[in-house]
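Construct the entire structure; sequences and hints are all you get.
From first to last, the protein sequence lines are chains A and B.
With the working numbering applied, the first sequence covers 1 to 388.
With the working numbering applied, the second sequence covers 389 to 571.
I should point out that these hints are in silico values taken from the structure, not numbers from a laboratory.
Please note: incorrect hints may appear among the correct ones.
[To be verified] Quick list of in silico lysine to aspartate or glutamate cross-link-like pairs, DMTMM-like style, CA-CA up to 25 angstroms:
1) B:K567 x A:D359
2) A:K182 x A:E265
3) A:K137 x B:E390
4) A:K37 x A:D96
5) A:K182 x A:E35
6) A:K90 x A:D153
[As the list claims (entries may be wrong)] Now the stretches of chain A that chain B is said to cover, found in silico as 3 or more residues with beta-carbon under 8 angstroms:
7) 114-120
8) 154-162
Each residue gets a CB set at the ideal place from its N, CA and C atoms; glycine is no exception.
Next come the chains, spelled out residue by residue.
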Amino acid sequence: MPIPTLSQSIVITLIQCLLVVVFVFVVVPLTVFAERKVLGYLQQRLGSTRVASGHVGITGWMNRGMWKWGRIPVLSYWRGIPGLVADILKLILKEDVIPAKADKFVFFIAPALSMVSAVVVFAAVSFVPGVFFTFPKWFPFVGGLPVSGGIADINVGLLWILGVASVGVYGIVLAGWASNSKYPLLGGLRSAAQMVSYEVPLAISLLAPVVLSASLNFAEMSERMAVGLPFWGLVPQVLGFLIYLTCGFAETNRLPFDMPEAENELVAGFHTEYSGMKFGFFYLAEYINMTVVAALAAGFFLGGPWLLPFGLQGLLNPYLPGFLSWFGEPHAIFFAVKIIFILFTYIWVRGTIPRYRYDQVMSVAWKYLIPMALVNLLLAALVRCFAV
Amino acid sequence: MEHLLETIGRNMFAIFGVLSLCGAAFMVASRSAIHSVLGFLFTMLCIAGCFLALEAEFLGMAQILVYAGGIVVLFLFVVMLVEMSKKSGPEVFQLQSRYAVAAVLIGAAAFVGVFRKVIFGSASAEALVLRPELAQGLNVAKQNAQAVSRGLFADYLLPFEILSVILLVALVGAVVLAKTERV
Numbered sequence: 001m002p003i004p005t006l007s008q009s010i011v012i013t014l015i016q017c018l019l020v021v022v023f024v025f026v027v028v029p030l031t032v033f034a035e036r037k038v039l040g041y042l043q044q045r046l047g048s049t050r051v052a053s054g055h056v057g058i059t060g061w062m063n064r065g066m067w068k069w070g071r072i073p074v075l076s077y078w079r080g081i082p083g084l085v086a087d088i089l090k091l092i093l094k095e096d097v098i099p100a101k102a103d104k105f106v107f108f109i110a111p112a113l114s115m116v117s118a119v120v121v122f123a124a125v126s127f128v129p130g131v132f133f134t135f136p137k138w139f140p141f142v143g144g145l146p147v148s149g150g151i152a153d154i155n156v157g158l159l160w161i162l163g164v165a166s167v168g169v170y171g172i173v174l175a176g177w178a179s180n181s182k183y184p185l186l187g188g189l190r191s192a193a194q195m196v197s198y199e200v201p202l203a204i205s206l207l208a209p210v211v212l213s214a215s216l217n218f219a220e221m222s223e224r225m226a227v228g229l230p231f232w233g234l235v236p237q238v239l240g241f242l243i244y245l246t247c248g249f250a251e252t253n254r255l256p257f258d259m260p261e262a263e264n265e266l267v268a269g270f271h272t273e274y275s276g277m278k279f280g281f282f283y284l285a286e287y288i289n290m291t292v293v294a295a296l297a298a299g300f301f302l303g304g305p306w307l308l309p310f311g312l313q314g315l316l317n318p319y320l321p322g323f324l325s326w327f328g329e330p331h332a333i334f335f336a337v338k339i340i341f342i343l344f345t346y347i348w349v350r351g352t353i354p355r356y357r358y359d360q361v362m363s364v365a366w367k368y369l370i371p372m373a374l375v376n377l378l379l380a381a382l383v384r385c386f387a388v
Numbered sequence: 389m390e391h392l393l394e395t396i397g398r399n400m401f402a403i404f405g406v407l408s409l410c411g412a413a414f415m416v417a418s419r420s421a422i423h424s425v426l427g428f429l430f431t432m433l434c435i436a437g438c439f440l441a442l443e444a445e446f447l448g449m450a451q452i453l454v455y456a457g458g459i460v461v462l463f464l465f466v467v468m469l470v471e472m473s474k475k476s477g478p479e480v481f482q483l484q485s486r487y488a489v490a491a492v493l494i495g496a497a498a499f500v501g502v503f504r505k506v507i508f509g510s511a512s513a514e515a516l517v518l519r520p521e522l523a524q525g526l527n528v529a530k531q532n533a534q535a536v537s538r539g540l541f542a543d544y545l546l547p548f549e550i551l552s553v554i555l556l557v558a559l560v561g562a563v564v565l566a567k568t569e570r571v
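Written as structure tokens, this is what we have:
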């Protein structure tokens, strides 16, 4: 195995970053689309079926084309997909309004902060255990070098994830302040209180996998929780998984905890004054954060990229499509399926549970989730002490 | 190319140090309190970068988690509430500038007094290691958290616990003070 020089390893890291960004920008629009469709079906509607505005022009042409596609049974679910393109075009082309009394610098930097802190978390996530793929020999500059499954193999990766995720609150708070308007400020203050409080049970619930796996590295933790222990990591950690998921919903400001943008109380909360691509950045950051929470939940509690335990994989293998075996073990696909399932759960919960009142949100965090997370941590310590 | 990258890598600490000083200067110089908080946040992140450059990964991450993620958010919260209550304006900050200068001078004198030997003396040549036997059997670059925890929970357990009791006293005191006003 050749050892890469410094410039080669930087190029490889850039390629990994590019792959992660591609992954994010594939998953996020599909989540947005899935949200429209799934939410629609949960509420007995069809969800999005066309681009708005009529039968003329490009949109009319797209609508007619997609309507023809819709005759085919499965493809009919995808009839609304040109709407996504139209949405992105709208976000990019829309006029960028900055309120006259806004603090320009902070107003500009707030969406960037929330976007960056959402994406950077992926640095510590390992998508595939070990080597993802090796460049062929003929490849220029980095030929024959392996690309590992995660960008940075940080030995305190969990702390990196928690730390950077906690920086994300600045985006929302500063956006609320810089808009210099009533409702954004209220939304920003609410979100600061909510996110700081929910970080406590979130961190405690993630301590339980740390105790069980005796590591802080994402790859090692998911390996030990999935295959290293004599049992599957989810089994003693059902409570921890549920607590983590609840706190994750609150951290990403999703229903039933979307206090910062409760639209019937605060217009649109912290991003009321934002328009165009600056609003688009908040929108993207929210969905990237959802993906992050899903990736962590999958990695720490559902076994991450590892295959099924107890020989169940042998039962499943005959049903997997044959071309998967060309790429070796289907680790990346297993991870992606788990992430997508949790993203679906997000939408499912959004369609099912109504919003909490603000005081209820805080009391859920401090009176119920933190004691439950502590009990769960004790449980994990007992399991660690007697069963491992 | 390779040479340049290696030079940058070797001087990472200096780069982050200069950046953190820039952030600190921005924090002191800026007029708006929120801009000050932003400068402070930048400084904290750069100090975390300094720790990373020294291969103290655990400390760097704890710096981000505790300071950037926790304490500065509370600063921001308080500053936003203060600005809402009409007390803002230049006079509040200018009132204290005399005391601030005195405090900075005292702090600088104390810093020089404490670190005189480290900066100018013979100790500046060698790294400051309190008890190297603590890290025995550990690969400190790979097992940073283990090395720190061995120090905290085995060798310096009593000072650590006393410190946490002091923090608890401060917490309880803050709650008591806040409660009595409301009655």
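Now for the hints, and whether the structure bears them out:
1. This hinted pair checks out: B:K567 and A:D359 have alpha carbons roughly 19 angstroms apart, not beyond 25 angstroms.
2. This hinted pair checks out: A:K182 and A:E265 have alpha carbons roughly 12 angstroms apart, not beyond 25 angstroms.
3. Annotation: proposed proximity of A:K137 to B:E390 holds, straight-line Cα distance about 21 angstroms (limit 25 angstroms).
4. For the given pair, A:K37 sits about 29 angstroms from A:D96 by alpha-carbon distance, which is inconsistent with the 25 angstroms threshold.
5. Between the alpha carbons of A:K182 and A:E35 the distance comes to roughly 30 angstroms, so the proposed pair goes past 25 angstroms and is violated.
6. Between A:K90 and A:D153, the direct Cα distance comes to roughly 39 angstroms. Violation of the 25 angstroms bound is thereby established for this hinted pair.
7. Here's how the segment 114-120 of chain A fares: 0 of its residues keep a CB closer than 8 angstroms to some CB of chain B, so the rule of at least three is not met and the hint is violated.
8. With 6 residues having a beta carbon nearer than 8 angstroms to a beta carbon of chain B, the segment 154-162 of chain A meets the requirement of three or more and the stated coverage holds.
The structure fails hints 4, 5, 6, 7 (numbered hints given earlier, in ascending order).
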